[in-house]
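**Student:** This is what each chain is made of:
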Amino acid sequence: GEDVEQSLFLSVREGDSSVINCTYTDSSSTYLYWYKQEPGAGLQLLTYIFSNMDMKQDQRLTVLLNKKDKHLSLRIADTQTGDSAIYFCAGVTSGTYKYIFGTGTRLKVLA
Amino acid sequence: GAVVSQHPSRVICKSGTSVKIECRSLDFQATTMFWYRQFPKQSLMLMATSNEGSKATYEQGVEKDKFLINHASLTLSTLTVTSAHPEDSSFYICSARDKASGQYFGPGTRLTVT
Numbered sequence: 001g002e003d004v005e006q007s008l009f010l011s012v013r014e015g016d017s018s019v020i021n022c023t024y025t026d027s028s029s030t031y032l033y034w035y036k037q038e039p040g041a042g043l044q045l046l047t048y049i050f051s052n053m054d055m056k057q058d059q060r061l062t063v064l065l066n067k068k069d070k071h072l073s074l075r076i077a078d079t080q081t082g083d084s085a086i087y088f089c090a091g092v093t094s095g096t097y098k099y100i101f102g103t104g105t106r107l108k109v110l111a
Numbered sequence: 001g002a003v004v005s006q007h008p009s010r011v012i013c014k015s016g017t018s019v020k021i022e023c024r025s026l027d028f029q030a031t032t033m034f035w036y037r038q039f040p041k042q043s044l045m046l047m048a049t050s051n052e053g054s055k056a057t058y059e060q061g062v063e064k065d066k067f068l069i070n071h072a073s074l075t076l077s078t079l080t081v082t083s084a085h086p087e088d089s090s091f092y093i094c095s096a097r098d099k100a101s102g103q104y105f106g107p108g109t110r111l112t113v114t
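Residue numbers (this note's numbering), protein chains in the order written: chain A, 1 to 111; chain B, 1 to 114.
Treat each hint with caution, since some may be false.
[Stated by the list, open to error] Heads up, incomplete: computed chain B residues facing chain A, CB under 7 Å, no partners named:
(1) C13
(2) S15
(3) G16
(4) L44
(5) L46
(6) R97
(7) A100
Read the hints as simulated data drawn from the structure, not as lab findings.
Beta carbons are placed, not taken as given, at the ideal position from N, Cα and C, and that holds for glycine.
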């Protein structure tokens with residue numbers, strides 16, 4: 001089955017950029033998503049990218065997709081303390097609508 | 001945007017009892033809903049796909065007799081954890097698929113079995 005890996009932790013200073021990485025094994029995902037989860041809460045959709053795109057920018061968020069290397073990244077510009085959370089990448093298997101989630105990256109923003 | 005609710009948000013039950021969790025799509029019809037489980041500090045794992053009017057499809061390793069899923073209407077799916085044990089304590093999240101606009105996640109239900 002699909003494996004989606006993320007680094008476990010990332011710590012940045014307020015105002016710096018954060019880059020969260022995700023690698024996957026199955027290239028059949030049609031859509032790739034980034035979700036944010038705060039402690040004890042559900043998932044908040046941040047952004048998504050179609051598999052035929054290389055980059056998508058949405059305000060402070062930039063998603064880069066390298067299909068050849070099966071690598072997805074989320075860059076958060078001007079990171080704020082309110083961005084501290086766990087970030088999950090997820091791929092949707094074409095035709096099944098099942099989400100396969102990454103292992104999650106815990107982002108800590110230092111004031 | 002589309003809203004998915006879950007009820008209850010938190011539940012504590014005694015070992016051996018059953019507990020039902022509801023997932024509702026509030027402003028759209030969802031022919032397909034999904035149930036995920038998230039253990040502390042871990043990722044979400046898909047448990048089953050719930051299809052309106054038919055039997056749920058369970059992922060490998062998920063006991064269908066223990067996790068009963070009923071999708072009786074286009075806006076409601078229920079997950080019943082039968083004979084719950086402490087190892088079933090987890091965060092259960094559902095998602096509902098709107099054919100027109102995508103898939104939306106509920107806020108989650110935290111189950112604690114004592």
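**Student:** Give a verdict on every hint.
**Tutor:** Cross-check of the supplied hints:
1. With its C-beta approaching chain A no nearer than about 19 Å, B/C13 sits outside the 7 Å limit, and its interface hint is violated.
2. Look at B/S15: its Cβ only gets to about 23 Å from chain A, farther than 7 Å, so that hint breaks.
3. The closest approach between the C-beta of B/G16 and any C-beta of chain A is roughly 26 Å, which is over the 7 Å cut-off, so the hint fails.
4. Proximity of B/L44 to chain A holds as hinted, the smallest CB-CB distance being about 5 Å (cut-off 7 Å).
5. This hint holds: B/L46 has a C-beta 6 Å from the nearest C-beta of chain A, less than the 7 Å allowed.
6. Nearest Cβ of chain A to the Cβ of B/R97: about 5 Å, under the 7 Å cut. The hint holds.
7. The beta carbon of B/A100 comes no nearer than 13 Å to any beta carbon in chain A, farther than 7 Å, and the hint placing it at the interface is violated.
Violated hints for the displayed structure, listed by number in ascending order: 1, 2, 3 and 7.
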